[in-house]
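Enquirer: Sequence:
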Amino acid sequence: MAETPFGHVLQWRLYLFAASCTSLAKHQARWSLDRETVDYIGTKLHMKLVTQLVESKFRQAHLLLYDELLFGMRDVALIEAWRLHNNLDVDDYGASWLTDERNREILAGTYDALLRQIKERADLRQVFVRLDPNGGVRLCPKAIAIYEAHVQEFLKRMLAPISVPSGPPLRSLELLSITYINTGARRRSVFLWEKMVMIYVRYSKSQEQTGEEKDNIKFLPPAVGNLLLTYLAFVLPYSSIPNCRVPLIVAYPLFISHVFTYLPSIPA
3 MAETPFGHVL
13 QWRLYLFAAS
23 CTSLAKHQAR
33 WSLDRETVDY
43 IGTKLHMKLV
53 TQLVESKFRQ
63 AHLLLYDELL
73 FGMRDVALIE
83 AWRLHNNLDV
93 DDYGASWLTD
103 ERNREILAGT
113 YDALLRQIKE
123 RADLRQVFVR
133 LDPNGGVRLC
143 PKAIAIYEAH
153 VQEFLKRMLA
163 PISVPSGPPL
173 RSLELLSITY
183 INTGARRRSV
193 FLWEKMVMIY
203 VRYSKSQEQT
213 GEEKDNIKFL
223 PPAVGNLLLT
233 YLAFVLPYSS
243 IPNCRVPLIV
253 AYPLFISHVF
263 TYLPSIPA
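Quick note: the sequence shown uses this note's numbering, first residue 3, plus one each step.
Think of the hints as simulated: they come from the structure by calculation, not from any bench.
Hints may contain errors.
[What the hints assert, rightly or not] Computed beta-carbon distance windows for the label pairs: (1) K158 to Q30: 22 to 30 Å; (2) R132 to R106: 31 to 39 Å; (3) Q30 to E82: 37 to 45 Å; (4) K46 to K158: 47 to 55 Å; (5) R140 to M49: 47 to 55 Å; (6) D217 to E38: 43 to 51 Å; (7) R61 to E38: 18 to 26 Å; (8) A187 to P135: 25 to 33 Å; (9) R118 to E57: 30 to 38 Å; (10) P170 to D77: 37 to 45 Å.
By construction, the Cβ of each residue, glycine as well, lies at the ideal position given by its N, Cα and C atoms.
Use the sequences and the hints to build the structure in full.
Expert: And the structure:
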């Protein structure tokens with residue numbers, strides 16, 4: 003009977019039933035007939051709200067970057083993908099678009115811009131600089147903690163603009179695997195290609211069933227990609243990351259690694 007069309011139907015029915023019991027989630031999202039609204043466990047979301055969400059999160063991330071992370075500097079030039087160069091094939095440890103010699107002029111001064119602001123502005127020195135009991139100068143731990151909290155808030159707001167417009171959202175394991183420079187074990191995930199920011203990760207959803215990972219490639223909208231590049235250039239420069247691996251949701255401010263170089267020259 004299995005050789006007949008009806009026999010194949012019965013076999014597939016049994017297979018799909020078994021798969022649905024073991025491989026598929028119990029709670030599935032359901033689309034409305036007009037394909038404009040999705041319903042998940044009683045929560046309904048209209049597609050126009052997705053656009054509003056992305057735009058809102060992008061505006062919030064933009065404000066956080068310029069007002070908080072860059073200390074309100076208004077003369078900061080946006081780091082734009084179309085102006086930059088990137089060798090996609092380079093696999094040297096620590097390499098990325100940040101280390102490409104062709105980008106030297108554009109990136110000049112970005113790696114220590116925040117420390118120079120602290121050194122030159124009295125209002126920032128009052129917030130970040132403290133005298134220690136020995137008469138030396140140190141950074142205020144509370145101010146650093148607040149800055150790091152702003153970093154995390156910026157990254158949270160970047161998740162929707164990065165994930166939603168450019169295709170299927172990244173799964174948590176894929177998101178945590180993102181690196182922006184080469185590490186000893188694997189190549190970077192953030193590239194510049196065709197004048198756009200490209201994020202490349204391995205898609206592992208079907209790995210358990212097929213034993214293989216697939217490429218998951220996302221091209222970011224220009225505004226989103228440029229905001230991410232500006233963040234990486236000013237807040238997370240390559241020279242301040244000791245282990246050369248920075249997931250997008252875990253980050254530390256620029257001045258942590260260079261503080262001992264600058265503190266002696268910063269007035270209290």
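Enquirer: So, for every hint listed, does it hold in this structure?
Expert: A quick look at each hint next to the structure:
no.: 1; hint: K158 to Q30: 22 to 30 Å; verdict: holds (27 Å)
no.: 2; hint: R132 to R106: 31 to 39 Å; verdict: holds (35 Å)
no.: 3; hint: Q30 to E82: 37 to 45 Å; verdict: holds (41 Å)
no.: 4; hint: K46 to K158: 47 to 55 Å; verdict: violated (24 Å)
no.: 5; hint: R140 to M49: 47 to 55 Å; verdict: holds (51 Å)
no.: 6; hint: D217 to E38: 43 to 51 Å; verdict: violated (31 Å)
no.: 7; hint: R61 to E38: 18 to 26 Å; verdict: holds (24 Å)
no.: 8; hint: A187 to P135: 25 to 33 Å; verdict: violated (43 Å)
no.: 9; hint: R118 to E57: 30 to 38 Å; verdict: holds (33 Å)
no.: 10; hint: P170 to D77: 37 to 45 Å; verdict: holds (38 Å)
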